[in-house]
Every structure is written in structure tokens, then in C-alpha cells.
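Participant: So the chains spell out like this:
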Amino acid sequence: MYGWMVTARYYEERLQEEYLEGKQPAFDISAGPIPGELHLAAGQEAAAAGVCSHLDDADTVTAPHRPHHVAIAKGVDLKRMTAEIFGRRTGLCKGKGGHMHLFDSAVNFAGSGIIAEGCPPAVGAALAAKKRAEDSVAVAYLGEGAISQGGFLESLNLASVQNLPVLFVIEDNDWAISMPKGRVTDVGNGAQRAGGFDMPGKRVDYDDACAVYEAAGEAIGRARDGNGPTLLEVQVHRRMGHFMGDAEGYRPEGDSERAKQRDSIERMESTLQKAGIDDDTVDDIRDRSHQRVEEAIEWAKDQPEPDPDEAYNDVFTNPPAGWTPNTKPGQTESAGDDD
Amino acid sequence: MVEADEPETAETTGERETTMSRAMVSAIASEMRDSDDVFVMGEDVADYGGIFDSTDGLLEEFGREKIMDVPISETGFIGAAVGAAQAGMRPIAELMFADFFGVGMDQIYNQMAKNTYMSGSTVNVPMVLMTAVGGTYNDAAQHSQTLYGTFAHLPGMKVVVPSTAADAKGLMHTAIRDDDPVVYMFHKRLMGIGWMPAPDGPKTSVPEDDYTIDFGEADVKREGDDVTVVTLGLHVHRALEAADDLAEEVDVEVIDLRTLVPLDTETVLESVRKTGRLVVVDEDYHSFGLSGEIVARATEGALADLSAVRRVTMPDVPIPYARPLEQEVNPGREDIIEAVQSTTE
Chain S
1 MYGWMVTARY YEERLQEEYL EGKQPAFDIS AGPIPGELHL AAGQEAAAAG VCSHLDDADT
61 VTAPHRPHHV AIAKGVDLKR MTAEIFGRRT GLCKGKGGHM HLFDSAVNFA GSGIIAEGCP
121 PAVGAALAAK KRAEDSVAVA YLGEGAISQG GFLESLNLAS VQNLPVLFVI EDNDWAISMP
181 KGRVTDVGNG AQRAGGFDMP GKRVDYDDAC AVYEAAGEAI GRARDGNGPT LLEVQVHRRM
241 GHFMGDAEGY RPEGDSERAK QRDSIERMES TLQKAGIDDD TVDDIRDRSH QRVEEAIEWA
301 KDQPEPDPDE AYNDVFTNPP AGWTPNTKPG QTESAGDDD
Chain R
1 MVEADEPETA ETTGERETTM SRAMVSAIAS EMRDSDDVFV MGEDVADYGG IFDSTDGLLE
61 EFGREKIMDV PISETGFIGA AVGAAQAGMR PIAELMFADF FGVGMDQIYN QMAKNTYMSG
121 STVNVPMVLM TAVGGTYNDA AQHSQTLYGT FAHLPGMKVV VPSTAADAKG LMHTAIRDDD
181 PVVYMFHKRL MGIGWMPAPD GPKTSVPEDD YTIDFGEADV KREGDDVTVV TLGLHVHRAL
241 EAADDLAEEV DVEVIDLRTL VPLDTETVLE SVRKTGRLVV VDEDYHSFGL SGEIVARATE
301 GALADLSAVR RVTMPDVPIP YARPLEQEVN PGREDIIEAV QSTTE
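For the record, the sequence lines run as chains S and R.
In case it helps, my numbering puts the first sequence at residues 1 to 339.
In case it helps, my numbering puts the second sequence at residues 1 to 345.
Same shape as in the complex, but just chain R (with noise of 0.2 angstroms):
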């Protein structure tokens, strides 16, 4: 495939303009350095780089110790780095497809995401799983889903989902940093490879030096008074598009959430309680997932400021494979005009 062409804009103020794979992959390096404890292991994440760029080049500075191979056997690799993480490393699963989650979830929900309280605290499990999600590019049902309500439902893993180059790399930091295990969820369609073009949003300046970006603390992406849009992900900047689209009938606040787990409620509520109004877009399945946990949030906080709610989601349908049908389940800039529309009417 071709790889991104990747203008080099350093500038004096240690900032540059990078893709979100390449702020990921600088994360990675950077604790690398810093610790023998971290490793990478997944599947084709060495000489392929990760299939969509989450380890891209660093074969070549760690080596194959480092920067592992493993066979397709997600049960054994991940439950591998659960034994890794509660004997004291930091290590770095790839689940090449959040799709995959089913092959190795004994190990993720009952091993990674319980041992630390079943064992009453005397171990704990320092890993990141990161995963590829989302859809937006024809790969049908099984390589297209984005189940953040899933992996967020599930107690005892904390839940990352950046949005933007410059969020991706801090909440990797926080992420390896972490003493507890963290799911990390790249949208594919963000990473700024060749061969998926991302939208423009992703790409932002990024500082060179390293940083970490505290988990529960969701970001305002756009300000505004009228109407309150919670999101993430790949959706930050379909909604961004709406609110620019909007700007003229509707003053619209977008929330970038950012972490699942920690959840950012106050924040959310600040911004309902300012607005009075909520729309949630998902590109999650529509029930019991992440919007109904942020429109039930919103009620339970702010109930009596609310005039109106809506809902923008994936359908409860397996996600389709032709273009047409997949363009009519995914969540468009379209879709979040008119629900934000609907709650003006």
C-alpha cells in the first residue's frame, strides 16, 4: 500500500503537524525508551507496521524482542500480556479488529479486566489493548464495528478513544502509564494512512516533547450555546462539520468524550445545563450502549434543563458491506443536521 506522504513542518516551537498513527507510535517509542518494561505484541505489528500504522517503524529502532510477532491466537497473545502486565511489564497488545474480540474475550473481560479485584489488589494488570475500529470503508459485518458500549460496559478496563493526533498521543502516555489495564480504540478512518483518507480534523500539531492527558476529562471540541453534541472518535469530526454547516440557524457545542472509563458526566452536564438540549452520535449500535448510558447521565443530572434529546446511532443491524447500505447506517454529517435541527423545532 502507499504509505502517507508526511510533509515535515517542524517548526520552533517543538509543534509539528502529524497524522494520529504517527502521534501513537511516538507514544510508544518514547515509553519504550524511557522502560525495558514495555513491549509491543499483535499480529503483523513488526514488519508490517500494524495494518493500519499503530506500530509503524518501530521494528527497525527495537527489534524483533520488542516489537513482537505473534501467531494468529488472540486468546493466547492477549492472556500472554495479562502474565506479562501481573509480573510487573507494561505491555502493548494489538487486537488487529475490535471485531476480533470474540476469539480472545475470556482473557480480556474475565482475565485483564477482573484479576486486579478478584485478587483483592495484590496484582495488578499495566497493560493497553489497542484496537482498530469503525467503519466508513465497505468492510462488512465483521471488520466494521466499533463496540465501545461493550468494551465500556464491561467493569475493570478503562476506556480511551481519541479523536485528534494531538489527543491520540497524550492518551497513549497516560495509557502505558497506567497501573490498570487500558483499552485503546483508534478509528481507522482518523490514522492518516494512504490508502483510507482521513478527514482533515485528525491531523493536527502535535508537541515533540512527551505529555499525558489525564482519562476523564472530556473536551469541548467546539463552543456553543444552543444545543449540546456528545461524541467521539471519527464522529468528533462529522459533528464538527455539522456544527460548521449550522452555524448560522444553531450555535452548537460539540463534546469530544475522549475516555468511556473514566466518564467525563460533569462536563456533559455543564454543557446540557447551559443548552438545554442533547444529541448523542455514536457510531456504536443504538441500544443499551454508550448513548443511552450519556442520555440517561444527562437525565439523572440534569433533567429539569432539558428540553429535548436525540440520538444519532448505528442502527441495531449488522453492519452492511454494499456502499449504499453502509452510507445509510453510519451516522452522517446529514444525520447529526437534522437531529440537531429536531431539537430547535
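In isolation and in its complexed conformation, chain S is listed as follows (with noise of 0.2 angstroms):
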């Protein structure tokens, strides 16, 4: 788990740091190597360490859009991962995604950039999963922020009234973009949700992965044993802006401080510390998980960047005959055409 954590950690720190080239000094969104938002996560590794970890690559996740911590914890491809973040052709999702929707097949990752519109397509896997009696689950995260929403609260329905392996995770970082929590739900915790839908609630109140292990693996569990859903939510802490470039002048002066107080790795090395592990193994999974992001940076900003034309491919899996995108410069129609 610490190694996902800090890998995360040092991912995003690298990422702000080629993000801001040639956007700086004054902000330009579309300037830079990497292109469009970056929604960086600092701050809720705990989250995804400690669900994650029960996870395998049959299980189904799916993020919001603010996704790396989870894709990491996940095991989504890092180097691909990256690839997509530049807008590379060898991407996840070939440039078309970006960081806002990764997808990884090959460990049934899945994004959405919008606001809980992740929750029903994991109710959906976890339909398969019992329609086919397979043992796999399915988590879908989401923000304290999309509690209100409707994709969210008939997911949580559906999952229960079909008694299926979901855990939906709350990440409560308490802003949503600049809305505090107390200002989005009168629910201080969010896992009370669940108590409408006859499921287990559960709320972890410090960014502490062990915590969020030890009740993500309970959940799990049920979920495994045909036991159906849960809702869990996690304290987790946002140190940064909603995206990159946000001034965050909506924020109490010092919020943003105290949140980078509560370092849930800190926490998770103290952790480590009291079990007995020694310094020198902490510092070299830090290391190697460094090592790892800097060999996928340096991976991905060799990438070719895509040909135009690949613009038109992917619309369709099975393109129907006769079918094109229609205005392709240079083909556009003219009265008398035949084409």
C-alpha cells in the first residue's frame, strides 16, 4: 500500500511540474505539453491504497476525474497511462481519452469526467459478475461533492434491491470545486446515504489506509459472498486546487495548510515505523516507486503524438458500411456530389 501511495504521490508532483511548462507565467489552459485540466488527487492516496488492495485485476473500478491515485492502486498501466495524459498515440486511449477518462481493460479501469456518472456502469460490471457467477466485485469511487446526484443514489438502489457486489467509495475531501461540504449536504456523513437503501454505511474518519483497509476488506467480503453492497466513505484530504490553476480564493485562509497537515503518508510511515519496519526498506519502495514514474514520464514524452487522421478511426467498434465522419477537410460535399 505505501508503495501505491507514495508512487501516486510522486506521479502527481511530477505531472504539476510538466503541466505548468509553457503555461506559466500567466495561466494559459491550452499551452504546454500536457494538454486540457489536470485534476491532481495529493492528498487521498489512502483511498486507493486501502480498497485497492483487495482488488484484482477481475475486479471492476471506476473514477471520476480525478482518477490517479485509483488507476495506480488499480495497476493501471503506468507508462500508457502517462502516454495518455500527453495526448500520445500509444496512450491508454490512443490521445483520445486524457486524464479525465483512462481506460485499462486489462484491469477493468474505467473513467468518467462526470460528476457520479461512474456509479451505474459499476453497478452494471457487478450485474455481470453475478449474472455470469463470477466472483469478481466492482468499486466505484466518487466525490462527497456527487452525493446529491441522481446517477448516484439510484446506483446505490438498483445495487441494493439486486443485491449486488459493489462498494461505492466516498473520497470526502470536503470541497466540491468551491463548495464546502457543509454547504452541499446537511449529512455529515455521507455513508448515512446508505441507510435509505437498506445497506451497510461506514465511515472512516482519518485518511488512514490501514483503516480504510481493514473496512473496505470487510465490504469486499460481503460483496464476494453474495452478501451485496456497501457504501464506505473516506476522509481524505485535497491539498491542492479542484484543477490546475484554480486560485482556490473561495478557500478559508489556512484550509488548504491544514489539509496538508493531515499527510495520510506520514501517516502510513509512522504506521510502518511502529510495525517494526526499518528505514532503509521504507526508503527503497520510495525509491523505486520515484524510479518508476520518472522511467514512465520519460516513456511517454517519447511517444509520437497522434496523425490528425486517427481523429476519424474509434467511433465505431463494427463502423456500419457506408458510414464516414462526413466532413474530413477536403471532403466536404458540394450539391451534385455522388459520394
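If you're looking for bench data, these hints aren't it; they were derived computationally from the structure.
Note that the coordinates shown come from a computational prediction; the quantities given were computed from them, not determined experimentally.
Worth double-checking, as some hints may not be accurate.
[Stated by the list, open to error] Short, incomplete list of chain R residues facing chain S, as computed with Cβ under 10 angstroms: (1) Ala46; (2) Gly76; (3) Phe100; (4) Met196; (5) Thr313.
Cβ atoms here follow ideal geometry from the backbone N, Cα and C, with glycine treated the same way.
Using the hints, put the two chains back together into the complex; each one sits in its own frame.
Facilitator: Here you go:
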């Protein structure tokens, strides 16, 4: 778990550096080597590591727009994920998805950039497992800002009435972009939402990967044993803005500093120390994680960008006879053209 | 993020140059001062001022009762705006990205758009649904669509797409005062936000006083005799650049539709009768959409005058992330130049 956590943290530090290249001094979202928005998950690693430790490749995970830590813990190919974030042809999605929409079918990982909309597909993966009598489970990650969405609530209901092997994990980082949790919901403990659907709900109050591991283990065990879904809320911390470039003017003074003080990685390090793991072992794990990240970034930056013509591929798996995307430049039609 | 640096260029004429977002905000603020019935609800509209600055600064003047941050729950809050509008208020709801319409679409097209009709006009829905549209900044398929055609296709909603600060203000005043639901689609790239540089065009001189622009009046942004380019939003500016580049060889007329519902067919027909050549430029998908609609109306109304028709649109592919892929599909100046030239061959 520690290895995944430090990999995720260092990965995001490096992504941040790469992202800001060319975007400064005046922040320009469309400049630099990494295109588009970038939502970093620093401070949320415990929720990824503690849950994904119980999963294998056959289990499904759906992640929201802040996906890197979960992807890393789920075993998504780090090099190809990085190439995707850099918009390269050899990326996980051939440069078509980007950082919010990472798909790695080898480990059953999928993303969505629409709030709470990863929940229904996770329910569907669990439904498939049940129908096929497989013992795999599905995990849907969402933020505390997503717990008001219909997609989430409908998913809880469907999972419950169908008794499906799903774990819903709310990462409570206190902020839905600029909205603090207290103004999003009157339920301080999001896991209480479970009560309305007759499923267990549990909140882990500290971003302690071991406590998350324990709670998730119980829930995933229940799911694998055919005892249905669970809702788990994990307190995490948003150390960064909502997205890179967010000046966080809405955030009260000292809030992000407080978030940074409660560091799940330091907590994990002291847990390891107490368990008698020597410093050399910890350092070695960290060094190897950093090395892995550097290799992935280096590899990704060497990859080619897609050829513009590739934009027209992949719309359908089985393109209908005669179908074209119609407006490839130079292919504009006129009255009388017969193609 | 970095705020746009706004030089104060106050002139004695009562006009000043401003960004599109500030023009929109000034119209909203003015209407709110005039009427207690006007309020704003949406995600991150208060402290943040709207992700694309569409409500920037309103919280300070009007407070949280009037500038309401809401939970992430588009069905809930857009539907609540419908209810408040039916109760006689004039809410402005913001759907942060048009791409998110699916989450709350029932409230948009089955309630907001239909209740007037289904009630036999015994209720009406005087609300504005603001939403950000468009790509060009590599945010991929769920955050880059324009979807003009989707909203304009479904009856019961007026649909507005400003391309300049002056239009944005006048159209916003009209939208808020309108007794029907108005979908106000603003292109992110035109807003003048610090972290997403705008082209030169949208920042225009804007009268300080309130004014309205009637819906259904397209604006001829550039007059020309040879080819008519019909477009809207960001692509008005790309078309104007293309027209300037072509000025030596072709005299291009650029029509900014400004509103899709109602659609000013007559201005398009008049122009086409004059030039005989039509190019439609649309950042929305190619098939079953706006470009087909404009071509259909032109052929219905001026078939005999037409010698060439071209469409420059987003192809029928989800909008890709990587920069070369997005640039390939999003219609650029070169694509417009090529299309215009091909009509004169």
C-alpha cells in the first residue's frame, strides 16, 4: 500500500511540473506539453490504496475526474497512462481520452468526467458478475460533492434491490470545486445515505490507509460472498486546487495548509515504523516508486503524437457500411457530388 | 487562476471595451437591481464566480440568497428553477458545461421547454439556462461539445449564442426579460478569462446603459458580394479571419446568427440571393444538426440562386483529447478558407 501511495504522490508532483511547463507565467490552459484540465488527487492516496489492495484484475473500478491515485492502485499501466495524459498515440486511449477518461481494460479500470456517472456502470459490472456467477466485485469511486446526484442514488437503490457485489467509495475531501461539504449536504457522514437503501454504510474518519483497508476488506468480503453492496466514506484531503490553475480564492485562509498537515503518507510511514519496518526498506520502496514514475514520464514524452487522421477512427467498433464522419477537411460535399 | 487584466478605458460616450463575461455579468447585475424576482443558481456561481466567470463578482453585491451555490445535482436545481419560474420569478440557472445536459435533460426538455405548451399557456417558464460550450483547449469528449443543434431541435426553448461582448450584454437583457425559457450558450474561448486567451474579436465596445437585442435578428458581421458564410459563436471570429485572408481574391460576407430559436432565415436568404454561394461553419456535429438546417432553409428559399454549398463542421466523432486530434476536427480558419475557395472554383 505504501508503494502505491508514494508512487501516486510523486507521480502527481511530477505531472504538476510537466503540466506547468509552457503555461506560465500567465496561466494558459491550452499551452504546454500536457493538454486540457488536470485534476490532482494529492492527499487522497489512502482511499485508493486501502480499497484496491483487496482487488485483482478481474474486479472493476470506475473512477471520477480525479483518477490517478486510484488508477495506480488498481494496477493501470503507468507508462501508457502517462502517454495518454501527454496526449500520445501509444497512450491507453490513443490520445482520445486524456486524464479524466482513462480506460485500461486489462485491469477493468474506467473513468468518467461527469460527476457520479461512474456509479451506474460499476453497478452494471457487478450485475454481469452476478449473472455469470463470477466472484468479482465492482468499486465505484466518487467525491462527497457527488452524493446529491441522481446517478449515485439510483445506483445505490439498484445495487441494493439486486443484491449486487458493489462497493461505493465516497472520497470526502471537503470540497466540490468551491463548495464546502457543509453547503452541499446536511449529512455530515455521507455513508448515512446507505440507510435509505438498506445497505451497510461506514465512514473512516482519518485518511489512514490501514483503517480504510480494514473497512474495505469487510465490505468487499461481503460482496464476494453474495451479501450485496456497501457504501464507504473515507475522509481524505484536497491538498491542491480543484484543477491546476485554480487560485482557490474561495478557500478559507489556512485550509489547504491544514489539509497538507494531515498527510496520509506520513501517517503510513509512522505506521510502518511502529510495525518495526526499518527505514532502509521504506526508503527503498520510495526510491523504486520514484524511479518507476520517472521511467513512465520519460517514456511517455518520447512517444509520438497521434496523426490527425486518427481522429476519425474508433467512433464505432463495427462501422456501419457506408458510414463516414462526413467532414474530414477536403472532403466537403456539394450539390451534385455522388459519394 | 489568473484574473483577466482589464484595462479601464472609460470613454465619454458611455461605452467601454470589455470582455464577454463582464458584459454578461453587467446585464445580469442590472436586471437583478431592477427586479427582486431575478436570481442565479448553479454550481460554483457564488464564491468562484462561475468557472468561466459568467457570474464573477455578483456574490459581493447580491449575497448568497440571490447568487446561490447549489449541490451538484442538475436535475434538482434546474428543475427547481423551472418551478420558481412557473411561480413567477425569473431564475438564471447555470449548467456548467453543456456536455452535462444529459444529467438534467428531463427537466430541460420535458419540463422547462414543454410546460407552457402542455398547460395551454396557463403557466409559463421565464428562466434563463446559461451554459458553457465549445472546445479548443483539449478537454476531450465530455467537456468540449457545443450541442447547438440538440437544444435548438427540441421545441419550446429559445436558444441564444453570442459572439461578442456587445451582443452578449444585449442578448442577456433580452433573455432575462423574456417570458419564455431561454438557453444562453456562451463559448468558453470567447469569455476573456485569464487562463484561456480569447481571440481579439469578442472584446468589444459596450454601452454602459441597458439595451436589448431582439431575438431572431442575425447580424451581418462583415459585408461581401461573393460568398456567404453563416456561422455563430467562436467561429464568427474564425470566419472573419478567413474572410480577411481571402480579401484579395473573394469578397466574403459573414453572418452571425446570434439566435438559433428564433432563426433569422430572411437575412440568410437575402445574402445568399446576393452571393449565390453558401458556406455554413458550425462547431457542432455535422449530421442532423444546425448546418443541415441552414442549408435546407437556403435551398427551400433560394434554390435558384445557389450555385455552391459547403459545410465546415465538427465531424461525427466524439471530440478527442490530444492536441493534433482536436485541431484536426475543430473547424479552423484554414478549413473555412478552403471551403470558401471551393465554392468559387
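Participant: For the hint on Gly76(R), just tell me whether its beta-carbon gets within less than 10 angstroms of chain S.
Facilitator: holds (7 angstroms)
Participant: Under 10 angstroms, Cβ to Cβ, is where Ala46(R) needs to be relative to chain S, so tell me if that hint holds or is violated.
Facilitator: Holds, because the Cβ-Cβ distance from Ala46(R) to chain S comes to roughly 8 angstroms (cut-off 10 angstroms).
Participant: So, as I understand it, the hint says Thr313(R) touches chain S; can you test that by seeing if any CB pair is closer than 10 angstroms?
Facilitator: Since chain S brings a Cβ to about 5 angstroms from Thr313(R), closer than 10 angstroms, the hint holds.
Participant: Just to be careful: measuring from the Cβ of Phe100(R) to every Cβ in chain S, is the smallest value less than 10 angstroms?
Facilitator: Holds - the Cβ of Phe100(R) comes within 10 angstroms of chain S, reaching about 6 angstroms at its closest.
Participant: For the restraint on Met196(R), tell me whether the closest CB of chain S is nearer than 10 angstroms.
Facilitator: With a minimum Cβ separation of about 5 angstroms from chain S (threshold 10 angstroms), the hint on Met196(R) holds.
Of the hints listed earlier, there is not a single one the structure fails to meet.
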